[in-house]
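S.K.: Read off the chains here:
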Amino acid sequence: MAEAILSVRPRTSDPLPGFRLALFSTLLWVGLIVALPLTALVVRPWQEGLGAMTMALHDGRMFAALRVSFVTAFIAALINVPVGLLLTWTLVRVRLPGRRIVDALIDLPFAIPTAVTGITLATLYGPQGWLGKPLAHLGINIAYSTAGIVVALMFVGLPFIVRSVEPVLRGLPPEQEEAAGLLGASSWQTVWRVVLPSLLPATVSGFGLAFARGIGEYGSVIFIAGNQPFRTEIAPLLVVVRLQEFDYAGATSIAFLLLVASMLCLAGVAMLRRRVARGLISGVN
Amino acid sequence: MSAFTRWSLVIATWLIVAVVLILPPLLVLSEALRDGLPTALQSLADPDAISAIRLTVEMTVLSVVINTVFGVLAAWLISKYRFPFRGVLVALIEIPISVSPVVAGLVWLLLFGSQGWWGAALDHYNIHIAFAPAGILLATLFVTFPYVTRTILPLMEQQGRDAEDAATLLGASFWQILWRVTLPDARWALLSGILLTTARAMGEFGAVSVVSGHIPGMTETMPLHIETLYNGYQSVAAFSMAALLAIMAMTTVGFRAFFENRARRATLAGDAGS
Chain P
1 MAEAILSVRP
11 RTSDPLPGFR
21 LALFSTLLWV
31 GLIVALPLTA
41 LVVRPWQEGL
51 GAMTMALHDG
61 RMFAALRVSF
71 VTAFIAALIN
81 VPVGLLLTWT
91 LVRVRLPGRR
101 IVDALIDLPF
111 AIPTAVTGIT
121 LATLYGPQGW
131 LGKPLAHLGI
141 NIAYSTAGIV
151 VALMFVGLPF
161 IVRSVEPVLR
171 GLPPEQEEAA
181 GLLGASSWQT
191 VWRVVLPSLL
201 PATVSGFGLA
211 FARGIGEYGS
221 VIFIAGNQPF
231 RTEIAPLLVV
241 VRLQEFDYAG
251 ATSIAFLLLV
261 ASMLCLAGVA
271 MLRRRVARGL
281 ISGVN
Chain C
286 MSAFTRWSLV
296 IATWLIVAVV
306 LILPPLLVLS
316 EALRDGLPTA
326 LQSLADPDAI
336 SAIRLTVEMT
346 VLSVVINTVF
356 GVLAAWLISK
366 YRFPFRGVLV
376 ALIEIPISVS
386 PVVAGLVWLL
396 LFGSQGWWGA
406 ALDHYNIHIA
416 FAPAGILLAT
426 LFVTFPYVTR
436 TILPLMEQQG
446 RDAEDAATLL
456 GASFWQILWR
466 VTLPDARWAL
476 LSGILLTTAR
486 AMGEFGAVSV
496 VSGHIPGMTE
506 TMPLHIETLY
516 NGYQSVAAFS
526 MAALLAIMAM
536 TTVGFRAFFE
546 NRARRATLAG
556 DAGS
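Protein chains in written order, with this note's numbering: chain P, 1 to 285; chain C, 286 to 559.
Worth flagging that the hints you see were computed from the coordinates, not collected in a lab. Careful: at least some of the hints might be erroneous.
Claimed, not checked - Sample of chain P residues facing chain C (criterion: CB under 7 Å; computed from the structure):
id: 1; residue: Pro17
id: 2; residue: Leu23
id: 3; residue: Val30
id: 4; residue: Val34
id: 5; residue: Arg44
id: 6; residue: Pro45
id: 7; residue: Leu96
id: 8; residue: Thr120
id: 9; residue: Gly219
id: 10; residue: Ala255
id: 11; residue: Leu258
id: 12; residue: Val260
id: 13; residue: Leu264
id: 14; residue: Gly268
Stated by the list, open to error - SDA-like, lysine to any residue: derived pairs with alpha carbons at most 25 Å apart:
id: 15; chain 1: P; residue 1: Lys133; chain 2: C; residue 2: Pro310
id: 16; chain 1: P; residue 1: Lys133; chain 2: C; residue 2: Asp320
id: 17; chain 1: P; residue 1: Lys133; chain 2: C; residue 2: Ala542
id: 18; chain 1: P; residue 1: Lys133; chain 2: C; residue 2: Tyr518
id: 19; chain 1: P; residue 1: Lys133; chain 2: C; residue 2: Thr453
id: 20; chain 1: P; residue 1: Lys133; chain 2: C; residue 2: Leu318
id: 21; chain 1: P; residue 1: Lys133; chain 2: P; residue 2: Tyr144
id: 22; chain 1: P; residue 1: Lys133; chain 2: C; residue 2: Ile307
id: 23; chain 1: P; residue 1: Lys133; chain 2: P; residue 2: Asn227
id: 24; chain 1: P; residue 1: Lys133; chain 2: C; residue 2: Val302
id: 25; chain 1: P; residue 1: Lys133; chain 2: C; residue 2: Ala297
id: 26; chain 1: P; residue 1: Lys133; chain 2: C; residue 2: Leu422
id: 27; chain 1: P; residue 1: Lys133; chain 2: C; residue 2: Trp299
id: 28; chain 1: P; residue 1: Lys133; chain 2: C; residue 2: Ala451
id: 29; chain 1: P; residue 1: Lys133; chain 2: P; residue 2: Thr146
id: 30; chain 1: P; residue 1: Lys133; chain 2: C; residue 2: Ile301
id: 31; chain 1: P; residue 1: Lys133; chain 2: C; residue 2: Ala528
id: 32; chain 1: P; residue 1: Lys133; chain 2: C; residue 2: Gly321
Don't be surprised by glycine CBs; every beta carbon is placed ideally from N, CA and C.
Please take these sequences and the hints and turn them into a complete structure.
M.R.: Quick look at the structure:
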């Protein structure tokens, strides 16, 4: 790639200095820190030979872990959709006492380091925790179960939904809703037929971002998950377990599948955004 | 909207915010201060804790400096010139955002681990990268790689290169143009990108956990030390360290919000002026 770029120098007479320096430093930086390690990840599984690959693909524990990660990330992102839409709606359209505080708090899951989130949620929902204890009396156990993973992923994913939908909702003229009301629509009809369809692409893209983050999430989940193989063991944790067993082939196959899944997810989100920007999907300005 | 609907929405929102977003930070403080402030502070003065804090600060400073220098040059390259494979370059720079932290650590073991491509060879020369601070630095660099470029790129693209071309005509060198023409306009965005890199670097857990080897006092950063303390049932010490780390990260993010507001105002003012 470097040679191809250099051989076709842009406007060979470009007077602005610094092109070569910036190009070389950028290629060096991207090459060493991103391209090289990712090449290792893509090449390594084939290097181990077909035997190791087929063995990895017959690993039931791997598929169980991937299923746990995908299912919990999906459920968490799904629950976050109505919760996130409610928060966004109140934030943008309702005179909310303490609006600025709520607005700042929404970004809290982005700001808190994942290890802190992990031990905090595990304690909060644990058998002796502020929320875990009363819930246990009701017969609901969250920590050390699948529900715990979902709770952690919901916490981490919530800002994605709110921050994706918020700018679109701000851009929607309230007159549209007033017009629907004047034309005789009930408030439910206005929400279902007028507002939600306009927010759909942004909601889907927030869902996609939260889901992609959820499949790969590690620090905020492992403390609350219980980590029982086949039941509450997430795929990123199994990568770590395989590494501790010095099973590089096994670790790399899971990592490779995780990488492909999150890249597909984000490519989908990017495509959706481009289509919305080009006006191919109506209802969004 | 009827008063009933409005108040239902307000109450529902505050209930969700209280349970989901306010309880966790309160719990961190309450657990850290369970035996009083002196005990909490004492746990932070433990030699392993001090070593973890020092390592986190060192790794953060190094990652921020390296990723800022190269990130600015990359943003300059992408925004001021047109060249083949520009889109591929942008996509490559964005990749680390979508990679699971654990994978971001694993890739370095594939290169420098004992079974990695070059691990054994480097071991021979007594160079240790996996399970050593160098590996932690590489993992942190990977995880925080895109933030500076990503934050300043939209602004620099919007600026175009008229001012830079004028400076070239007047005989300015590359560094003069970058330092005196391009960066002053992008300074708030740059600061916001640097602060985001800082917050991410000090809090990184998964990637660092894979390459560090968890040697207390040697290769444990603050997040890793929190894990060790928590798993060792030293709850007060774990949450004291967690409170310190959370305060550091949240202060950084708070400053960032402040500077982003200034950046937005600067952009608006620039638009009005042009």
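S.K.: Okay, which hints does this one fail, numbers in order?
M.R.: 6, 12, 13, 14, 17, 19, 26, 28
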